[in-house]
Every structure is written in C-alpha cells, then in structure tokens.
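Enquirer: Sequence:
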Amino acid sequence: MRWIVTASDTLLRVGTGLTLATHGWPKLLGRPHGSMADPMAASVRLIDAVLGLPFAPLLGLLVALLEGVGGVMLALGLATRPLAALVAVQMVAIALALGPTYPWIDRGIEYPIVLGLVAVALAARGGGPLSLDRLVAAMWRERVMA
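In case it helps, my numbering puts the sequence shown at residues 481 to 626.
Since the hints were derived computationally from the structure, they do not count as laboratory data.
Being a predicted model, the structure only gives us computed values, none of them experimental.
One or more of the hints may lead you astray.
[To be verified] Listed next, with one range per pair, are the computed distances between beta-carbon atoms: (1) Ala487 with Pro537: 17 to 23 Å; (2) Leu597 with Arg525: 22 to 28 Å; (3) Arg621 with Gly588: 41 to 47 Å; (4) Leu509 with Pro609: 32 to 38 Å; (5) Met625 with Gly510: 45 to 51 Å; (6) Gly514 with Glu622: 41 to 47 Å.
Where a beta carbon is used, it is the ideal one built from N, C-alpha and C, also for glycine.
Could you put together the complete structure from these sequences and hints?
Expert: Written out as structure tokens, the structure is:
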C-alpha cells in the first residue's frame, strides 16, 4: 500500500510543478498565455497597482522564475520544501490581491487557494522517495560517510 502514497505524492508534486511552469514560461519568454497577450506585464501591473509593492518589475521577474524554473524543479522534486513554501506565499498574495475582484467560482479565485494548499502540503511532506531531493540526500550521505 505504501506505493499508492508514493505514487499519489509524486503525481501531486509533478502536476503542481508543471502547472506552475505553464504559467511561468510564457512570462519569461514574452509569449501570450490564455487571454493575456503579455502575462509578464499583467503580473507587474498586479504587483504594482493592486499589491502596491515596490520594485514591481523585479518582483515580476522573480515570480516568473519561481513559476517557470521553480515549477520544473518542483516537478523533478529538487528543492521541494523551499520552493513549495515560496509558492504558498505567492498564492496567498494572489488570493489577497484578486479575492475582492475575482469572487468564488466566477473568475476562479479558488485556483490560487487550492494551489496554495497543495504547496503547503508539499512543503510539509517534501519531495518523497521519487524525487531528486532524495537522490541528492543519498549522494550527500554517501560522500560524507566515505
């Protein structure tokens, strides 16, 4: 039965990572995404106008890197806990920023809420046995013990 837990944890991690990557890479590559012609500009606008945070272009780039590169790393199970924790923080910010204008069901505020909850679970559980985290840890132990 343990294989079911391992398989489901792996599917959850890979699916979440790839979902994030599909949002990050269009921003990084300057490509349209869904109904957005320029998703990076939309992210920077949200960070600046709605959240009121300074350095919006830099934060937009960090968000795109977290989603694009971090999503791929998450799918592979590399640096799972810290990346998942950062994703959880990002999803809280998105939910707070868009919650008043994107009500439940209409426009999908539940999407960042669910991704945030999954990210919290991944941060708590880690990458699991089928992850690069596990492989790196085993290689590190072998090197230290040698």
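Enquirer: Against each hint, give a clear statement of whether it holds in the structure.
Expert: Here's how the hints hold up against the structure:
For the hinted restraint 17 to 23 Å between alanine 487 and proline 537, the CB-CB distance of approximately 41 Å leaves it violated. For the pair leucine 597 and arginine 525, the supplied restraint of 22 to 28 Å holds, since their beta-carbon distance comes to about 26 Å. A hinted range of 41 to 47 Å for the beta carbons of arginine 621 and glycine 588 is consistent with their spacing of about 43 Å. For leucine 509 and proline 609, the Cβ-Cβ distance of about 33 Å falls inside the hinted range of 32 to 38 Å, so the restraint holds.
For the hinted restraint 45 to 51 Å between methionine 625 and glycine 510, the CB-CB distance of approximately 47 Å keeps it satisfied. Taking 41 to 47 Å as the suggested C-beta distance range, the pair glycine 514 and glutamate 622 conforms, at roughly 45 Å.
Consistency note: the structure conflicts with earlier hint 1 alone.
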